[in-house]
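**Student:** Using the sequences and the accompanying hints, generate a full structural model.
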Amino acid sequence: MHTPILILVLLGVMAFAFHLGRTRSLATVGGRTGVRKLHSLPAYYGFYTALWAGLPALLVAGLWVFFEGSVITSLVVEGLPAALRDQPPAQLGLLVNDITNLANGNIVSRAVDADLRAAADHMNELRTIGKMALSVVVLSIALGAGSLAWRSVGPSMRARNRVERIVNGLLIVSSLIAIFTTVGIVMSVLFESFRFFHKIPLTDFLFGLEWSPQIALRADQVGASGAFGAIPLFAGTLLISAIALFVAVPIGLMSAIYLADYAGPRLRSYAKPVLEVLAGVPTVVYGFFAALTLAPAIRGAGEAMGLTVSSESALAAGLVMGVMIIPFVSSLSDDVINAVPQSLRDASYALGATRSETIRQVILPAALPGIMGGVLLAASRAIGETMIVVMAAGLSANLTLNPLDSVTTVTVQIVTLLVGDQEFDSAKTLAAFALGLLLFIVTLGLNIVALHIVRKYREQYE
Amino acid sequence: MFKKSLIIAAASAAMVAGGAQAAAARDYISIVGSSTVYPFATVVAEQFGKTTQFKTPKIESTGSGGGLKLFCAGVGVEHPDITNASRRIKKSEQELCAKNGVTEIVEVKIGYDGIAIANSKASPQLNMSRKDLYLALAKDVPDPKGGDKLVANPYQTWKDVNASLPDTRIEVLGPPPTSGTRDAFAELVMEHGCQEFAFIKAMKKTDKKAFQAACMGIREDGAYIEAGENDNLIVQKLEANPNALGIFGFSFLDQNADKIQGSRIDGVEPTFDTIADSSYPVSRPLFFYVKKAHIGAVPGIKEYLAEFTSDKAFGGEGYLADKGLIPMPEAERGQVMYDAKALTPMGAL
Amino acid sequence: MPVESNANRRRAIDVVNTSLKKRYAREARFRRLGFGAVILGLLFVSILFFDIIGKGYTAFVQTHIELEVYFDPAVIDPEGKRDMKEIARADFRKLSRNALRSLFPEVTKRNDRRALDAMLSSGAPHQLLEMVRHDPALIGERRVIDLIADDDIDMLIKGHIDRNAPQSDRRVKDQVIAWVDELQKQGRVKEKFNTGFFVNGDSREPELAGIGGAAAGSFYTLLVTLLLSFPIGVAAAVYLEEFAPKNRWTDLIEVNINNLAAVPSIVFGLLGLAMFINLFGLPRSAPLVGGLVLTLMTLPTIIIAARAALKSVPPSIREAALGVGASKMQTVFHHVVPLAMPGMLTGTIIGMAQALGETAPLLMIGMVAFIVDIPGGPLDPSTVLPVQVYLWADSPERAFVERTSAAILILLAFLIAMNTFAVIMRRRFERRW
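Chains as they are written, first to last, in the numbering used here: chain S, 58 to 519; chain P, 301 to 649; chain C, -19 to 413.
With a cut-off of at most 30 Å between alpha-carbon atoms, the simulated DSS-like pairs for lysine-lysine come out as follows:
{"id": "1", "chain 1": "P", "residue 1": "K390", "chain 2": "S", "residue 2": "K256"}
{"id": "2", "chain 1": "P", "residue 1": "K602", "chain 2": "P", "residue 2": "K350"}
{"id": "3", "chain 1": "S", "residue 1": "K256", "chain 2": "P", "residue 2": "K391"}
{"id": "4", "chain 1": "C", "residue 1": "K170", "chain 2": "P", "residue 2": "K559"}
{"id": "5", "chain 1": "C", "residue 1": "K65", "chain 2": "P", "residue 2": "K350"}
{"id": "6", "chain 1": "C", "residue 1": "K89", "chain 2": "P", "residue 2": "K612"}
{"id": "7", "chain 1": "P", "residue 1": "K623", "chain 2": "C", "residue 2": "K74"}
{"id": "8", "chain 1": "P", "residue 1": "K369", "chain 2": "P", "residue 2": "K623"}
{"id": "9", "chain 1": "P", "residue 1": "K623", "chain 2": "C", "residue 2": "K89"}
{"id": "10", "chain 1": "P", "residue 1": "K602", "chain 2": "C", "residue 2": "K74"}
{"id": "11", "chain 1": "P", "residue 1": "K623", "chain 2": "C", "residue 2": "K35"}
{"id": "12", "chain 1": "S", "residue 1": "K256", "chain 2": "P", "residue 2": "K508"}
{"id": "13", "chain 1": "C", "residue 1": "K35", "chain 2": "P", "residue 2": "K421"}
{"id": "14", "chain 1": "C", "residue 1": "K172", "chain 2": "P", "residue 2": "K623"}
{"id": "15", "chain 1": "P", "residue 1": "K350", "chain 2": "C", "residue 2": "K74"}
{"id": "16", "chain 1": "S", "residue 1": "K256", "chain 2": "P", "residue 2": "K399"}
{"id": "17", "chain 1": "S", "residue 1": "K94", "chain 2": "C", "residue 2": "K308"}
{"id": "18", "chain 1": "C", "residue 1": "K153", "chain 2": "P", "residue 2": "K421"}
{"id": "19", "chain 1": "P", "residue 1": "K612", "chain 2": "C", "residue 2": "K74"}
{"id": "20", "chain 1": "P", "residue 1": "K355", "chain 2": "C", "residue 2": "K61"}
{"id": "21", "chain 1": "P", "residue 1": "K641", "chain 2": "C", "residue 2": "K65"}
{"id": "22", "chain 1": "S", "residue 1": "K256", "chain 2": "P", "residue 2": "K504"}
{"id": "23", "chain 1": "P", "residue 1": "K623", "chain 2": "C", "residue 2": "K170"}
{"id": "24", "chain 1": "C", "residue 1": "K89", "chain 2": "C", "residue 2": "K74"}
{"id": "25", "chain 1": "C", "residue 1": "K65", "chain 2": "P", "residue 2": "K602"}
Reference listing, derived: stretches of chain S covered by chain C, where coverage requires no fewer than 3 residues with Cβ under 8 Å from a Cβ of chain C:
{"id": "26", "stretch": "231 to 240"}
{"id": "27", "stretch": "314 to 327"}
{"id": "28", "stretch": "386 to 392"}
{"id": "29", "stretch": "429 to 436"}
Just so you know, the hints here were simulated from the structure itself, not pulled from any lab data.
Just so we're clear, the structure is a prediction, and the values are computed from it rather than from any experiment.
The beta-carbon is built from N, C-alpha and C at its ideal position, and this holds for glycine as well.
**Tutor:** Now the structure itself:
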C-alpha cells in the first residue's frame, strides 16, 4: 500500500473508531435515554477512541517512513558482492544512486551488469516487503490501541478530561514551535558569526562608523579597505523604515478609522480587501516600481528644485515600502477598532460627542495597544524587507540622515554578501551571518521594549 | 472543526515525514554557480534536454563562490555535479574539494565575456583610456599638481580627468566588491591604468601590497555607485539618467544596443569581433567544473559536456554566440573539446 | 435662585451651540481626511495595476507565421518504417526552413538565409514533431500551419522595437523588416493567444518560456505552507491566548513570536539551509523545503493575527459559556474560536499572500534555478512564481520584459482569487460587538 493511501485508510479507521466509541458509550448506559449517566458527552468517547486509534499509529508510520530509506539502503549494500561493497563511502553512495535509479526505472549512467540488476531487484523486493510490513504494523497498532480504548469506554470514564489533556498537549507543542524556530535561527548563524568575530574584532563591527567590505577577493590581491562597521547599515535601515512608517501609519490608520466608523458596509466590504492586495504584491514588483518609476521621478523633481538627488535615494525605497505596509497597519488597526465594544461608542454619543471626538478621545485610547501592535508589525516588515531595497536603495553605505542620499540596509548587505563570487570562507561571507545575528538581536531588543509599552498602556474592558 | 484541523495536521505531518525518504535517487544533472555563466548554461541545458533522452539539468544561480562551496562539499548525489564560474577555481577551494574527497575535477573553459562600460544613447559616446578610468574611479590617485605621491581622488567631472571628455559629473554604476565582474574590472582596467604612472609601477617591485592598494581601490565617495548584480536594472537606470555610466556584461549591451552604447576603451569599441580577437582589452574567461567521480553515476554528464563543447554550441557561429558569449579561437576550442572528451582532470594550482 | 440657575443652563447651551459649528467643521474635516486616506490607498493599487497591465498584456498573444509545410517523407522518415524513435531524431528544422525559404526564393546568400531562418523560433521544429507524433498520417502531406515566430519578430510586430532607429542599433535588420512586411502583406503574420505561456516550463527562448512550471511549484509550496501553518498557528494562538498560565515561559514564547515576525525573511532562508537541507538531508530546490521555510516564516504573522482575533471576542461570551457549565476547552472551541475565525482568516490570508510573493529566503535553498520540466510533486526540483519573475527580470532578452510583467499579473490574479475566497468566508462570519 502506498503511504498516502495508508494514511487515508488510517483516517477511515479513526472515523470508524469515533463512531464505535460513541455508540459504545451510549450502549453502556442503555441508549439515548440514559445519556445523563455518562461522565462526558458521547462524542468525547468517540474522540477518545479515535485519538488512540490514530495518533500512535501515525507516529509509528512517520518514524518508519523516516528511517525506511536508510534501512533499505544498508540492506541492499549488505547484499552487494564484496568487490562492489569495498569502496570509499562516497563512491558507494553514487553506486547506490544508480541502483535506486535502476529500481525506479530511470535512466542509469553506467552499464547495467548482473550485479547491479540483482541489487536493484533486491531493493524493489525490500521496498515491497517494507510497504506491506508498514501497512500491517500501522493498521494493527491502530486497531489494537483503538480497541483497548474502546473497551475502556464506560459511564465512569472521564473521557472529556482525557481528550482535553491530549488536545492541550498538542496546543503546547504548537506554541513551542516558535521557540524551536528561534533556537534554530540562532544556531544556524551563531557558528559562522563566531568565525567572523575571530577575524574581525567585535568592537570594530559594532561601533565602526564605516562599512566597506572591500577586502581582497583573492589571496594575491589587496582591496581598498576592510572596514566592517555595522552602524551605517543600521542607520540606513532605520532611515528607510522611518520614511516608510511616515507614509504608512497616517494613511493606514486613517483609512482603518474611516472604514470602521464612517464607511457604509458596501464601501467597507470592497475597499478593505482591495487594500489588502497591496500587502500581497510581490516585493520584487515594488522594487521595480521604486527603481524605475519613482526614483527617476523623485530625481527629476529634485533637480527641478535645485537639489542633488541620488538616483538610488532612500526616499524612493522608503515611499514604496510605505505603500507596501499600509495594509499591515490598516487591516490590523481596523480589526482592533472594531473590537472596541459598541457600548463605549454609545456612551460617548449619549454624552453628545461627535463621531470624530468619540474616535479621538474614546476609541483610539482604548484601541491603542492593538494599534501599536499593528504598527510594530509593519515596522518589523519594513526593517526586514529585502527585495525593494536590493533594487532601489543601492549599496553605498553612507552615514546620513538626508533622505535624498543613497543609503544601504542590513538585508541588502546580507544578500549581496551571500550571493557574491568571493571565497566562501572570507570575512565577507561570514559578515553576512554576523549581520543576520546582529539584526536578530536588535529586533529582539526593540520588541521587548515595544511589548513593555503595550502592556503598560493596555486597558481592560471587563 | 477542531477534529478537521487535527486530521489535516496529522496528515501533513505524515506527508512531511514521507518526504525524508525520497532524498536518495537523482536522475538529473545538478548544476550550480556563477550568475554570469547561467544564461549560457541554461541554453545548453535546454537544448540537451530537448535532444537527448535525459532529463533537463537543474541549474541554480548561486554566484561562483557559493557554487564552488556546494560543489566542493563532497561526492555523492546530494552534492552538485557541475559548477559554473566566472573566474578560475582558487587554491583554497581546490584544497577544500580535496579534503572532502573531490579530487578529480575537470575544468572546461567555455569562452569569454566582455565587460562593457556604457552610457545612454542620449549622450555622446565616450572615448577613454584605461588611465582615464583609473583616474576617475580610483580611491587614491597621483597628485594632479605633480609629484610622486597619492592623494584622495579630487576629480569631480570627466573633464577634470581628461580635457577631451565631456563636462559631466563622474557617476558610474557598477558591480559590488563581492562580484567577479568587479574583480575582473579591477584587474583589467584599474591595474592596467595605474601602471601608466612610473612611480606606482615601481612600487610593484618594492611594495606589492601598497601597489595593489593604490591600483585596485575604488573610490567610495559616491562617484562609483554599487548597483548590485542585476544588469538589466543597471541598463534601465542608465536610460533614466543619461549622465551615468554603467559597467556590465557584454551580452546586456548586445541586447540593448538601441538604448545604450559602449564606450571606446583605448580607442576600441566593444563589439563581438573586437572582443573575440582581443583587441578590446576588457574581457575575462568563463569556466565550468565537472566532478569526475560523478561521471558514470549521475546519468547524462558526459553527454552534457559533449553538447556544451560541440561546435554548434560554443563554436564561432554556435547558439551560445547568439546569446552573447564570445567564442575562443579555433585552436583553443579544439584543445578544450579534446580535454572534455578525455576528461582530463586539472592539476594542482 | 431658579432664575440664576436658568441663566446658568442657558449659558452652558450657548457654549455648546457656539462651539457646535467649529466641532462640526472639525468632524467634516476628520471625515474627509479618512476618506482621502482610503482613496489614496486605492489609488496606489490602481497605479500599480495599470503600470503592470500596460507593460504585460501583450505577452498574452504570440506572433505566429502562417506557412505551408510539406511533411517531406525523405526528411522525416527516409526508410519509411514509421518508427517514432527514429522520427524524433529527424531534422524537422529542414521542414520549417524550406517552407519559409520557398516564400523568398530570391534569398540565396548563406548569411541572408541564416537571417531568414532565424525568423522562426527554435521551438517551431518541435511543434512540427509534436504534430507528426500526434498524427503520423501527416507524413507526405502539405498543411498550412501557424509556426511560432522568433522573439525578435514578436517584439517588432508588437512595436517594442523602434523601426526608425538606425539599423546598427536594432536587433532586427532592415532586410528582416522587409521580409516581415512582405509576410504581413500576404496576411501570414498572426497574433494568436499564447497558450504556451500558461502551460510551458521555463525556457531561454522568450517565445517558448511559460509559467506552468513555476505555477506548479508555487502550488506545491503553498500547499505545504497552508497545511502546516494554519493549524499550527491557530493552535498556538489558542493556547497562548486562552490556556497558557501567565508566567515567564509564556512571556518568553510571546516575545519570541513577536520577534520572529520581525526577523528578515532571508534569515529564515539561512535557517532552512542549515536545518532542512544540511541536517535533515532534504533535497535542494524542493517545494517541500520551500514550504517548510515559508511555514516558519508565516507562523508568527498568523499567530499574532489569530491572537488579536481571539482577544476581540468579548469576555461575556466566555463567561456565559462557563456559566452554563461548559469546560474551558468547550468554551474555547465551541464559542470563542468560531467567533474569532474571521480575524484568524484575515491573518492567514496576509500570511499566505506574504508566502506567495516571497523571494528572499528561497534564494538560499536553491529555488533560484533554471527548471524546464514541470514538477509533479512536492519533492521535484522546482521554482516559484516570484522567483521566476526575478529570474526573467534578469534575462537580457527584450521579450522577457513583457513576460515578466505578465507573470506578475498571473501572480496577482492568484492573489486576488485567494483574497476573494477569504473575503467570502469572512463575510459569512463577521460580527460586531
